[in-house]
Amino acid sequence: MTTTASPAESTGAQGAPGTTAQRMSPGGNPMGFGRMLRKEDARFLRGQGHYLDDITMPGMLHAAILRSPFAHARIRSIDTSEAEAHPNVRAVITGATLEGLKLAWMPTLSMDVQAVLATDKVRFQGQEVAFVVADDKYAARDALELIDVDYEELPPVVDARRALDPDAPVIRDDIEGKTDNHIFDWEAGDSVLTDQVFAAADVVVTQDLLYPRVHPAPMETCGSIASMDKVTGKLTVYSTTQAPHAHRTVYALVAGIPEHKIQIISPDIGGGFGGKVGIYPGYVLAVVGSIVTGKPVKWVEDRSENLMSTAFARDYHMKGEIAATRDGKITGLRVDVLADHGAFNGTAQPTKFPAGFFHIFTGSYDLQAAHCKVTGVYTNKAPGGVAYACSFRVTEAVYLVERMVDLLAGELGMDPAELRMKNLIRPEQFPYTTKTGWEYDSGDYPRALQKAMEIAGYDELRREQAEKRERGEYMGIGLSFFTEGVGAGPRKHMDILGLGMADGCELRVHPTGKAQLRLSVQTQGQGHETTFAQIVAHEVGIPPEDIEVIHGDTDNTPFGLGTYGSRSTPVSGAAAAVVSRRVRDKARLIAAAALECSPDDLEWEQGRWQVKGDPEKGKTIAEIAMLSHGNLELPEGVEGHLDASVVYDPPNLTYPFGAYICVVDVDPGTGQVKVRRFIALDDCGPRINPMIVEGQVHGGLADGVGMALMQAIAFDPDGNNLGGSFMDYLLPTALECPSWETGETVTPSPHHPLGVKGVGESATVGSPPAVVNAVMDALAPFGVKHADMPLTPAQVWRAIQGRPMRTDLAVT
Amino acid sequence: MQVTITVNGQAVTREIEPRQLLVHFVRDDLGLTGTHWGCDTTQCGTCVLWLDGVPVKSCTVLTAMADGHEVRTVEDLEQDGRLDPVQQGFMNEHGLQCGFCTPGMMMTARWLLDHNPDPDESTIREAISGQLCRCTGYENIVRAVRWAARHEAEAREPEPAAAAGVAGVPAQSAPTGAGEAEGATA
Ligand code: FES
Ligand code: FES
Chain S
16 MTTTASPAES
26 TGAQGAPGTT
36 AQRMSPGGNP
46 MGFGRMLRKE
56 DARFLRGQGH
66 YLDDITMPGM
76 LHAAILRSPF
86 AHARIRSIDT
96 SEAEAHPNVR
106 AVITGATLEG
116 LKLAWMPTLS
126 MDVQAVLATD
136 KVRFQGQEVA
146 FVVADDKYAA
156 RDALELIDVD
166 YEELPPVVDA
176 RRALDPDAPV
186 IRDDIEGKTD
196 NHIFDWEAGD
206 SVLTDQVFAA
216 ADVVVTQDLL
226 YPRVHPAPME
236 TCGSIASMDK
246 VTGKLTVYST
256 TQAPHAHRTV
266 YALVAGIPEH
276 KIQIISPDIG
286 GGFGGKVGIY
296 PGYVLAVVGS
306 IVTGKPVKWV
316 EDRSENLMST
326 AFARDYHMKG
336 EIAATRDGKI
346 TGLRVDVLAD
356 HGAFNGTAQP
366 TKFPAGFFHI
376 FTGSYDLQAA
386 HCKVTGVYTN
396 KAPGGVAYAC
406 SFRVTEAVYL
416 VERMVDLLAG
426 ELGMDPAELR
436 MKNLIRPEQF
446 PYTTKTGWEY
456 DSGDYPRALQ
466 KAMEIAGYDE
476 LRREQAEKRE
486 RGEYMGIGLS
496 FFTEGVGAGP
506 RKHMDILGLG
516 MADGCELRVH
526 PTGKAQLRLS
536 VQTQGQGHET
546 TFAQIVAHEV
556 GIPPEDIEVI
566 HGDTDNTPFG
576 LGTYGSRSTP
586 VSGAAAAVVS
596 RRVRDKARLI
606 AAAALECSPD
616 DLEWEQGRWQ
626 VKGDPEKGKT
636 IAEIAMLSHG
646 NLELPEGVEG
656 HLDASVVYDP
666 PNLTYPFGAY
676 ICVVDVDPGT
686 GQVKVRRFIA
696 LDDCGPRINP
706 MIVEGQVHGG
716 LADGVGMALM
726 QAIAFDPDGN
736 NLGGSFMDYL
746 LPTALECPSW
756 ETGETVTPSP
766 HHPLGVKGVG
776 ESATVGSPPA
786 VVNAVMDALA
796 PFGVKHADMP
806 LTPAQVWRAI
816 QGRPMRTDLA
826 VT
Chain Z
275 MQVTITVNGQ
285 AVTREIEPRQ
295 LLVHFVRDDL
305 GLTGTHWGCD
315 TTQCGTCVLW
325 LDGVPVKSCT
335 VLTAMADGHE
345 VRTVEDLEQD
355 GRLDPVQQGF
365 MNEHGLQCGF
375 CTPGMMMTAR
385 WLLDHNPDPD
395 ESTIREAISG
405 QLCRCTGYEN
415 IVRAVRWAAR
425 HEAEAREPEP
435 AAAAGVAGVP
445 AQSAPTGAGE
455 AEGATA
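From first to last, the protein sequence lines are chains S and Z.
Just so you know, the working numbering puts the end of the first sequence at 827, numbered straight through with nothing missing.
Just so you know, the working numbering puts the end of the second sequence at 460, numbered straight through with nothing missing.
Please keep in mind that the hints were generated in silico from the structure rather than gathered at the bench.
Take the hints with a grain of salt, since some may be wrong.
[As the list claims (entries may be wrong)] Covered stretches of chain Z (in silico footprint by chain S; criterion: 3 or more residues with CB under 8 Å from a CB of chain S, positions within the stretch not fixed):
1) 315 to 323
2) 342 to 354
3) 401 to 411
All C-beta atoms in this analysis are idealised placements derived from N, C-alpha and C, irrespective of residue type, glycine included.
Make the full structure from the sequences, and use the hints.
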């Protein structure tokens with residue numbers, strides 16, 4: 016079931032002249048926006064994708080990493096002699112080797128440092144201790160068994176809520192003068208005003224909420240192939256990275272290799288979801304391995320390594336408070352967060368924002384005051400923070416506000432839809448500045464909620480629920496309304512490691528009118544090769560099948576910060592539009608020279624420049640491309656060829672939003688939750704390729720169901736990771752997912768050249784609270800107000816018994 | 275040890291380590307990298323191929339166990355330059371994003387349709403429930419299999435308008451073909 020906005024709405028701010036009726040290309044594709052089958056599918060369907068582990072290089076060696084079995088231990092000694100004696104082993108590298116090369120520590124994306132290989136202590140289970148390079152991967156694994164490490168076990172810090180206790184063991188004694196496990200305090204909003212609003216409120220609801228640690232677990236794990244050419248000094252790295260250019264700069268900084276001698280190639284990526292943004296020790300070790308052996312070295316982690324050592328997400332312990340009047344006007348929101356960042360602060364986020372964009376936590380509501388405080392702590396867990404389709408912690412923010420609003424509805428005895436409708440920011444309030452400083456660009460929230468409720472048949476669902484309750488059946492209906500801030504971001508506010516978050520883009524139109532678009536962002540399944548060709552087709556009138564999108568190779572693409580935080584379309588999509596318009600403007604000058612008229616006499620129509628009032632006279636882009644490369648005399652100041660480049664600095668984030676409704680049935684005997692229906696209405700502005708957008712939403716919804724009901728990585732009191740394989744870390748299959756029902760409204764962004772907003776993470780961000788709200792709604796007859804995710808059968812059953820558990824710790 | 279395995283219709287003989295997994299043999303020894311791997315515990319299904327006509331997780335089969343048997347991989351789905359209807363269905367219904375789970379999903383789907391030409395939604399979901407996809411939320415995979423079932427049924431009882439979808443689309447033109455013509459959403 017899909018509702019579609021009227022054409023008038025959806026063409027609102029596409030910006031290009033000549034966007035009249037949809038034209039089709041000779042290849043049968045839309046000349047611009049519209050459903051288009053994906054170009055990249057041709058290779059994937061035939062098993063001809065080129066993922067990291069599919070790549071081999073002549074003479075390539077294989078590596079494996081020895082990891083710590085302990086969460087916290089001092090390394091007394093490491094004996095590698097037996098491993099080195101293995102006939103197929105070419106090198107064994109330890110922290111001591113790296114110390115000699117000054118490579119034992121590397122900077123993280125949050126200005127902390129992380130051990131590449133442990134030298135003094137291990138600080139989480141799964142931490143990198145030694146690196147073996149061998150002739151084949153079986154031999155490399157064999158040799159790990161031959162390394163003897165003598166550990167002295169230390170007491171670990173497992174419970175984040177005890178990390179700041181005065182007697183807590185100090186994890187980061189490598190940092191000079193460090194006497195506790197505190198990383199940062201950060202706050203936003205007006206605490207004084209918020210206190211006043213709370214003091215004056217009729218109703219205040221308080222709730223502790225945990226967003227547990229989760230892992231994005233893309234189907235392809237992380238890996239790298241490094242090849243150092245000793246003669247030329249050139250380092251080539253194939254790597255599973257969402258941000259190849261940023262990685263190049265970091266390698267230069269870490270390894271001291273001149274940046275012009277480093278080429279990062281990000282091949283086809285088997286899913287990223289944020290987990291492939293950071294630089295992992297294995298990547299650096301592959302480089303070291305290649306330098307040491309003089310051969311290309313491949314390192315690919317297995318699934319347990321992936322789940323135990325790479326990018327974690329969430330792990331937010333939140334104390335939320337919401338204030339309102341008796342009749343349901345929300346007046347204030349306050350939250351105190353304890354953020355578990357693991358043993359090294361490896362969070363990838365804009366420098367000024369150690370809690371990411373969490374301070375967007377007032378969500379979609381117009382209220383008087385808000386304040387948040389976030390404290391980051393070290394624990395003996397894998398480094399993490401942001402990562403996993405979270406839009407820089409908007410996920411946690413949306414969960415917080417959407418749970419608090421539902422709890423308030425329960426307290427007031429109001430329908431949660433009615434309470435939301437009463438408090439949503441009104442369309443006439445945009446651009447809307449929130450109490451923590453965000454400027455939302457555009458939105459029509461009540462219309463979105465209304466439409467979602469119509470698709471769901473909300474009133475009918477409530478009637479059904481009432482009838483079922485009479486019969487002792489537990490059905491729940493959950494809502495969430497989210498606003499995201501995506502497309503980081505304006506250079507003056509946002510950088511990672513000092514690199515501003517602007518994106519370069521180049522368009523080259525060849526003499527025959529075929530084109531290449533070079534992007535800094537890197538697809539991990541989002542379909543960039545198709546969507547970006549559509550943007551150029553839309554702006555320049557070249558058929559999308561005649562546009563090759565080139566990405567993922569730093570030697571062949573302009574600099575930019577990569578794909579995460581739903582930023583590709585908001586930032587690089589805008590860059591592609593602007594660079595296309597530059598080409599179109601230049602084409603106008605060349606066409607005018609060829610037609611011997613003034614550029615002002617030309618109009619852009621159906622992909623060609625033609626003389627106003629004399630449409631027979633005109634030039635197509637292909638004709639102009641040939642002219643630009645020929646010997647036509649060009650006007651003063653116009654250079655030959657038809658190329659352009661741009662660096663796009665977004666003026667603001669874009670703010671997609673949506674209204675989600677989840678319907679569940681709960682079996683109180685077993686605690687089993689069945690998601691019966693899920694209705695997702697998304698507004699991400701005009702949709703360049705609606706098929707791809709819907710696919711992005713579907714994937715995020717499955718993530719939301721997974722996080723709400725199944726996925727969490729807990730730790731036992733010794734710091735053992737209890738989610739280290741797919742036997743323990745449960746991901747949703749086709750059986751847990753319902754058939755998704757989607758809808759849309761279209762509110763263009765006023766500042767994006769195409770009016771579009773990002774969408775890649777909307778559903779991951781927006782869906783978990785809808786599922787949890789639905790389960791809590793189902794359990795209301797038992798007096799249950801809250802239980803933390805994941806709402807596994809055990810957790811639901813315990814909630815019904817009145818004793819929900821902490822899902823971050825092992826239950827004994 | 276030496277094994278002889280018929281892979282995609284061709285007998286191949288190789289010297290292997292007895293402990294080698296079939297997924298590594300297919301990928302590393304034969305270079306058929308369309309079959310992927312994604313876990314250590316037989317959960318993800320990215321490694322699914324056919325052993326003697328039955329989908330198996332090739333990470334859980336030793337190469338030695340396949341000695342004298344027949345293996346079919348994703349590379350064999352396209353025949354004579356024509357995509358299998360399952361491949362066309364995945365493209366037309368956007369049943370893949372990153373493409374990593376796709377070969378395994380398609381091998382299971384092909385087997386399902388060979389044994390049940392008209393599976394309903396829940397049968398399809400059950401059939402792929404041993405395989406994970408992190409991108410699509412499964413909806414479009416289900417639609418893709420339904421697309422293939424529909425078009426195969428039409429090809430069996432040709433109606434003038436519909437038969438072209440399966441037999442008539444040359445593989446090369448398919449990726450940029452017109453979406454709306456063939457890909458009505460379910
Ligand atoms: S590799 Fe995961 S099931 Fe075979
Ligand atoms: S398409 Fe990416 S895992 Fe299925």
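### Message
When I compare C-beta atoms, does the stretch 342 to 354 of chain Z have three or more residues closer than 8 Å to chain S?
### Response
holds (count 5)
### Message
If you count the residues of the stretch 401 to 411 of chain Z with a beta-carbon closer than 8 Å to a beta-carbon of chain S, do you get 3 or more?
### Response
Answer holds; 10 residues pass the 8 Å Cβ test.
### Query
For the stretch 315 to 323 of chain Z, do at least 3 residues have a Cβ located nearer than 8 Å to some Cβ of chain S?
holds (count 4)
Hint check: no violations occur; every hint is consistent with the structure.
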